[in-house]
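Peer 1: As a plain string of letters, each chain reads:
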Amino acid sequence: MTVNPESRPGLLLQPKVKTGIIGYGAYIPRYRLPAKEVARIWGGNEDGLPVTEKAVAGLDEDVITMSIEAARNALARAGIHPEELRAVWVGSESHPYAVKPSGTVVAEAIGASHNISSGDWEFACKAGTEALVAALGMVGSGMGRYAMAIGMDTAQGKPGDALEYTAASGGACYILGPAAESLAEIEAAYSFVSDTPDFWRRAHAIYPEHGQRFTGEPAYFEHVGSSASTIMSEMGLQASDFDYAVFHQPNKKFPQRIAKELGFSPEQIETGLLSPRIGNTYAGAALVGLSAILDVAKPGQRILMTSYGSGAGSDSFILKVRKPITERQNKAPGTEAYIARRLEIDYATYLRYRSEIKVK
Amino acid sequence: MPRSSKPQVLIAGVGMLPVGEHWQQSLRGLAVQAIRLAQADAPAMPRPQAIFVGNMLASSASHQANLAALVAEYANLVGIEGVTVEAAEASGAAALRQAFIAIRSGLIETALVLGVEKVTDHPAEDLDALIARSLDSDYESAIGLTPHSQAALLMQRYIAEYAPSSEALGAFARISRSNGAGNPLAFRPQPLSAEAYAKAPLQVPPFKTWDLAPVADGAAALLLTRDDKLPKPLRQNALRVAGVALVTERLALHDRPDPLFFEAAAVSVQEACRQAGIGLADLDFFEYTDATVLHALLSLEAAGFAPRGQAWRLAQDGSLDRYGSLPVATMGGSNARGFPLGAAGVYQLAEAALQLLGKAGACQIDHAQRALVQSLGGTGTTAVTTILERLA
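One line per chain: the protein sequences are A and B, in this order. For reference, each letter of the first sequence is one residue, going 1 to 360 in the numbering used here. For reference, each letter of the second sequence is one residue, going 361 to 752 in the numbering used here.
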């Protein structure tokens, strides 16, 4: 069998109907666990910690409640009625149920109609951007006018594991619609995937496992680098054509290094680099970084967002900010406002909030 | 120099792969590439009659026993004699010893010595447990001791007895890293500053991160021949194995009367020198085992280059530098080149060969006629000491 040349038109994902973001909203829980507190308990070295602190969901929070918060913020900015949505999709690796969707609970809670597509997406840390690609497909094909994609996590880090320093809670919601109504047009998307087992959680396992240094070079750097450089070259753009860039951020160093390799300056990534202050929000990480950028972006500016999901793959999006952004930015709490809403907790409280203490 | 009537054993070709995390390569792939490089280094050599494979963990880490047969097949050497030699981290050097015995005895004329190890697919804690199999299983590894923790206990004792300064200990890693900066195959190619060493976290107290050689994947090969079978054009590229001795010591640390002295290392140096008919003063450099800084210290003292408890002074007074009186780890040692466990001994021998042939590039030392190469398995449990010398 040979490949029909007409079935490979190009590498980019570009919709027939021009599509953009009409509303977005972040949510970050208020509790913060300093990395040095984890180091204190586990005898870790306080020099070179991967982040300063991480955001932790409270006792009454999970991916569903946090998704609802972010979705309400996105609806406030979009200015549409929830019944106008044709899809509500949630990407996460910490859905409260293994079987039973988060998406339907969120949809019901925000007042979406029953005549929608809903479900959950799973692709480690890029589950959220995978939902975004699907929303781009739905809106861009004309199947629906508005589609909602959420990336949200309450990430699991095994006590004592290196991931415990960074595994955090938070994420963001995006509503896609016609580009003409949007605050930022999605000029193109691109997905790059391979079978690379760097990080996984098997069925019934409480905590994920990872291949330590294997998560770097052949996993994160290979996929994020390929994804970002391909979308830029296919679009005929280079780093200097962008005002902002945001990459999946499992820590502080990885996104800094890949940004440098791709030719971006520290100033271009500073606004969206939240992991030092909130940790790695997994499926929410790139999306909540983007929401911080949209909070301050100006019409005409161009943004690159590149996610990463273990297993492994990376989605890239190129956004061109449009005029309506200025009036919509203040219609919901900004990302930095959530980061500023900060209550430090100690390790014991963290264990209690994360249900790590056995009580029965 | 006295020469017996027995055939001389020469190294005719060497091959080494970069040491590192070879995630994209198989165990057999690494092995075959190293063999091809050694064969390309000695193109006129006939097909080797035997292969001696030095490997420590293929059975457990790669689920592969019968390694020599596998490697021979993939190296297009089906049918030759082949066997795997295991002596923990000294496996590669022990394989050379077996090849040396076979050729010197007159039973065979040519042999390949291969060191190969592929372990970085395993998470660090799993790998530590595999490496700990080289200790006494019933009395040491069963209670959680690993080679690193065992060396750390000895290091604490050494510090209590002899009070070396922290800077002096750090100088060993810095010498290796400085030498390794010129080695294109090195896993840690950057030099190490005194500040960076001082700031480094404790990894296994009292060892800092940089005191420990990083375990990595690698493969290296040597092509051996008896002297009268060496094609004439290859003579300028060949070296003599002037002596090689393998000595073992009590496995468990608690059975040793004097744990701060590497007895097997000491005896093997004496025996190798006796075979070569030389003394310590005739040796130009020392490729020692620097699995940890403790190994480096006790190796220098066991060989007799420093009195007991005083080897740390050598790293401070410049003796061990590239142009000092006794250069060590001249291409970075395991600390900078990387530590491919059972393959490490073959790397040491191949590196010493490059130095003696003047082919060490940016790592080249001056006036190297004769090399002392020592591989230690475990905490000095198996010691293989080899003396290589130039033909003319």
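I should point out that these hints are in silico values taken from the structure, not numbers from a laboratory. Note that the structure is a prediction, hence the values are computed from the model and not measured. All C-beta atoms in this analysis are idealised placements derived from N, C-alpha and C, irrespective of residue type, glycine included. A portion of the hints provided could be inaccurate.
Unchecked claim - Cβ-to-Cβ under 10 Å is the rule here; a few derived chain B residues that face chain A: (1) PRO367; (2) THR480; (3) ASP481; (4) GLN516; (5) ILE519; (6) ASP726.
Peer 1: Determine for every hint whether it applies to the structure shown.
Peer 2: Hints, verified against the model:
For the restraint placing B:PRO367 at the interface with chain A, the shortest Cβ-Cβ distance is roughly 46 Å, beyond the 10 Å limit, so the hint is violated. Look at B:THR480: its Cβ gets to within about 7 Å of chain A, closer than 10 Å, so that hint holds up. Below 10 Å, beta-carbon pairs count as interface contacts, and B:ASP481 has one with chain A at about 8 Å; its hint therefore holds. Restraint check, B:GLN516 versus chain A: the minimum CB separation of about 18 Å is more than 10 Å; hint violated.
Taking 10 Å as the C-beta contact cut-off toward chain A, the hint placing B:ILE519 at the interface is violated, the least distance being around 21 Å. With a least beta-carbon distance of about 37 Å to chain A, the hint placing B:ASP726 at the interface is violated under the 10 Å criterion.
Hint compliance for this structure: hints 1, 4, 5, 6 are broken, all remaining hints hold.
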